[in-house]
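Q: Please take these sequences and the hints and turn them into a complete structure.
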Amino acid sequence: MKNILFFIRRYLSFLSFLVLQVISIVMLSNASKTHQSFFASAVNEVTGNINKRYSGFRDYFTLKETNRLLVEENNRLRNQLAGNFESPDIRKEKFIDTLLRDTLGRARKYTWLPAKVVGNSYTLQNNYVTIERGSNQGVTKGMAAISSQGIVGVVVETSPNFSKIMSLIHRNSKVSAMLKKDNSAGSLEWDGADPTYLILRNVTKGAKVAVGDSVVTSNYSANFPSRLMIGTVAGISSESSSNFYTLKIKTATNFFSLQYVYLIENVRYSEQVQLENSVPKN
Amino acid sequence: MSSLLKNIIRFILFILFQVYILNQVPPLHQFIVPYLYFLYILWLPFSMNRFWLLLVSFVFGLTLDYFTGTYGLHAAPCVLIAFIRPFLLNLLIPQDTTEQSYLEPGSKSMGWAPYALYAALLSFAHHFYLVLIEWLQFGNFVYFIGKVAGTTAISLLMILLAEMLFHRTGRARAKG
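Chains as they are written, first to last, in my numbering: chain A, 242 to 523; chain B, 393 to 568.
Just so you know, the hints here were simulated from the structure itself, not pulled from any lab data.
Note that beta-carbon positions come from the ideal geometry of N, C-alpha and C, so glycine has one too.
Check the hints yourself; a few may be wrong.
[Claimed, not checked] Distance ranges between label pairs, derived from CB positions: (1) N244(A) to Y535(B): 31 to 39 angstroms; (2) L549(B) to Y301(A): 28 to 36 angstroms; (3) L246(A) to Y535(B): 46 to 54 angstroms; (4) F533(B) to V287(A): 36 to 44 angstroms.
[Unchecked claim] Partial selection, computed: residues in chain B whose CB lies under 10 angstroms from chain A: (5) F406; (6) L408; (7) V411; (8) L414; (9) S439; (10) F443; (11) S449; (12) T455; (13) Y458; (14) F459; (15) L472; (16) A474; (17) I525.
A: Quick look at the structure:
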């Protein structure tokens, strides 16, 4: 017994080393069990508290980065909002039916396509309407655009998913129009003054025109089907030196609040234009 | 300042430095993990009883373990180097003179070369044992020894920097 005590005394440091090592290894090997013990949870309370304070302090240094990440995330999430997704219109509303030629032998001339207006200007001299429907959805240059109230303009540019319509209130816009009452044709233009009034030139003085008469698209237009509403006569000026009236037309279309337009495709547009532009060979 | 109070403050500072600064360093290299906390054990006084040395080292390592959530992982290497420490000191320093006039190991009390050797050997022992019980196997031996060597090198660098940064006379007042 005395020898054992002596032995322990003599090798105290080595024995305590061994004991502490064994404790360490045992703790390491069943870390999860230790974790559940009361002592560990009490210590975790302390270290966790210190950790919390430290991370609260550290957070100040990463505010900028955190902000950036949040902005990025917000941006990413905003881009996923349903409102950002718009399927381009691919509906086709047919004039008669989908056949090129119906049973009575009449051939299709016009195809109608609806389109949503996504851009519209009316304060400039050259105004355009942008629509969300492009060449991928069957829009081609030269198609006519009308609203539910009256005609709007002519497609002048297309991209895969968007198109640009030259509005009637554009200095270069020229549409063939006629008086509904007696079919006297004229050329519809805009003088750049007031977006609610257009100018109809070259109406013969033989026409019986009165203020309030309707003006519709003529038979001579390659883009527009005939007899679509344009507006009403608001003023008549006749120059004694010429044989033509110059009429002031109040537009039927409200260019300030366009929401949807219909595009009208003339199936034989290119054929007609080509023929009209060809030089007659006699 | 009494030696006891000084060592208690060091205890806290070394733990906090290791947990909140060195452990926050992003991974530099697969071989390098910055460890400095065991410098506390290297700096414990000469006069300390071996048993207390082991016990303090065990508690110190365990405290770090409670922060990192690896119970016993750091305690075991700490106990190991606390056990080796007295033998190494006996080998490296002239016993009678230094221990009487200086409180604790350092470049002043031991000289730069023996102090560097002392720090290097204990760092190596610490990291070797730490990585070994961390993996519980040798695995790829080149990777193992590379990790131990890289970690030892970075620890040694920090120990020597600490030695230069902090002015520790370590001279025992009573013994002059």
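Q: Kindly indicate which numbered hints from before are broken by the structure, ordering the numbers from low to high.
A: Per hint list: 1, 5, 8, 9 violated.
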